[in-house]
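Trainee: Residue numbers (our numbering), protein chains in the order written: chain D, 1 to 148; chain B, 149 to 397.
Hints are not guaranteed to be accurate.
Below are the PhoX-like pairs computed for lysine-lysine, each with C-alpha atoms no more than 25 Å apart in a straight line [stated by the list, open to error]:
| # | chain 1 | residue 1 | chain 2 | residue 2 |
| --- | --- | --- | --- | --- |
| 1 | B | K172 | B | K239 |
| 2 | B | K195 | D | K136 |
| 3 | B | K159 | B | K172 |
| 4 | B | K239 | B | K169 |
| 5 | B | K169 | B | K159 |
| 6 | D | K6 | B | K306 |
| 7 | D | K138 | B | K195 |
| 8 | B | K306 | D | K2 |
| 9 | D | K2 | B | K159 |
| 10 | D | K2 | B | K239 |
| 11 | B | K239 | B | K306 |
| 12 | D | K6 | B | K239 |
| 13 | B | K268 | D | K60 |
| 14 | B | K159 | B | K239 |
Bear in mind the hints are in silico, worked out from the structure with no lab data behind them.
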Amino acid sequence: MKARTKRGMYVILCAMILSMAAFFALRAFQNNLLYFYTPTQVLAGEIPAQRSIRVGGMVKSGSLTRSEDGMEIRFVFYDENQTLPVYYRGIVPDLFREGQGAIAQGRINENGIMVAEQILAKHDERYMPPGMEDSKLKNEVAPILRNL
Amino acid sequence: MIDAGTIQARKWLSPPFFFDKALKWAPWCLLTGMVIFIAALWWALFKSPPDYLQGESVRIMYLHVPSAWMSLFLYVVMAGCAACGLIFRLKIGFYLSAACAPIGAAFTLAALVTGSIWGKPTWGAWWVWDARLTTELILFFLYLGYIGVRSAVDDQNKADRLAAVVALVGLINIPIIHFSVHFWNTLHQGASVFRMDGPSIAISMLIPLLLMTLAYMILSLAACLESTCCEIMRREHGRRWLQSRLDMH
Chain D
1 MKARTKRGMY VILCAMILSM AAFFALRAFQ NNLLYFYTPT QVLAGEIPAQ RSIRVGGMVK
61 SGSLTRSEDG MEIRFVFYDE NQTLPVYYRG IVPDLFREGQ GAIAQGRINE NGIMVAEQIL
121 AKHDERYMPP GMEDSKLKNE VAPILRNL
Chain B
149 MIDAGTIQAR KWLSPPFFFD KALKWAPWCL LTGMVIFIAA LWWALFKSPP DYLQGESVRI
209 MYLHVPSAWM SLFLYVVMAG CAACGLIFRL KIGFYLSAAC APIGAAFTLA ALVTGSIWGK
269 PTWGAWWVWD ARLTTELILF FLYLGYIGVR SAVDDQNKAD RLAAVVALVG LINIPIIHFS
329 VHFWNTLHQG ASVFRMDGPS IAISMLIPLL LMTLAYMILS LAACLESTCC EIMRREHGRR
389 WLQSRLDMH
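If we strip away everything but chain D, and leave its shape as in the complex, we get (with noise of 0.2 Å):
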């Protein structure tokens, strides 16, 4: 066998050693990785107890209360199976609003209500004018990479 065919079966293998060390090593991290629990996760006791959290869901349309100082917010967090009512004290960012994602941080009070200390307004990976039609997105590109 050449230098050359060796060092580079040796760089490969190497490389192949490394990546399953790193695929064992992040499914051993999964649970630490996730950035913020699910309502489902929630309701399903998936969570540590007394210990400030994240949740993350979309905000129900139609939920959403403000207080009259408008300082105090109540809305409703939903994801595929599960709702969880969340209360808030606080200044909320621009892009907080319903019918999109947004991400809480605090504690679940004995009633079952997210009592949160921030919250964090997710973006979609929408990128379109306004007025636009979802449908028309999705047909804007496509066809021409199919053309191609």
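Using the hints, position chain B against chain D.
Mentor: Just chain B now, with coordinates in the frame of chain D:
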């Protein structure tokens, strides 16, 4: 038996030949890159529409996303060149690899900083420790580690090989960064362009984005060529071929 293609390739990979070509092409790349960059910037700032949700702040995307793409792309190029250096004992591979590192590190920093500036008004936080942001920060440290190893070892040939190993080990981070938003719950949103069911970005926004990416590519090439020449001059110092060229200028 050596065919014409191999001879051509060997010619290109020899430092003197590369040096001559790189010095000649770098200014043209810089000029082309700047022209495209200005056109892309104008398109991004004035011609492209605001976003349905974010409004005008979406325009940070045209700097943030290409920077992030380049940070990944240059790392792959850097590691690829380093691997060629290791396997084929190719000096120019190590030189190119060394040239990519600071450029890639700069793009990584640019992606992190523009992301932070974008994150505050949209998400409501400058920084969060979610999987995407954390793995991109690790990429920055990998670049710094590579640069650090290269300058820490006195024997230059040894430094080349050690740094190449660092670059190759770090390569595992690249798919993790890309798929981080897919594997884990993150605050960062999923991919908009490179996704299975087609891009979810309007074409009026995709064009300036791709144009900006092209500009970054060409500007990176210009910087990489110049930087490789610097590395060649540093490493081949005192060689007759280099001295004769330096005397000419």
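Trainee: State the violated hints by number, sorted upward, taking the hints as numbered earlier in the document.
Mentor: Result: no hint breaks.
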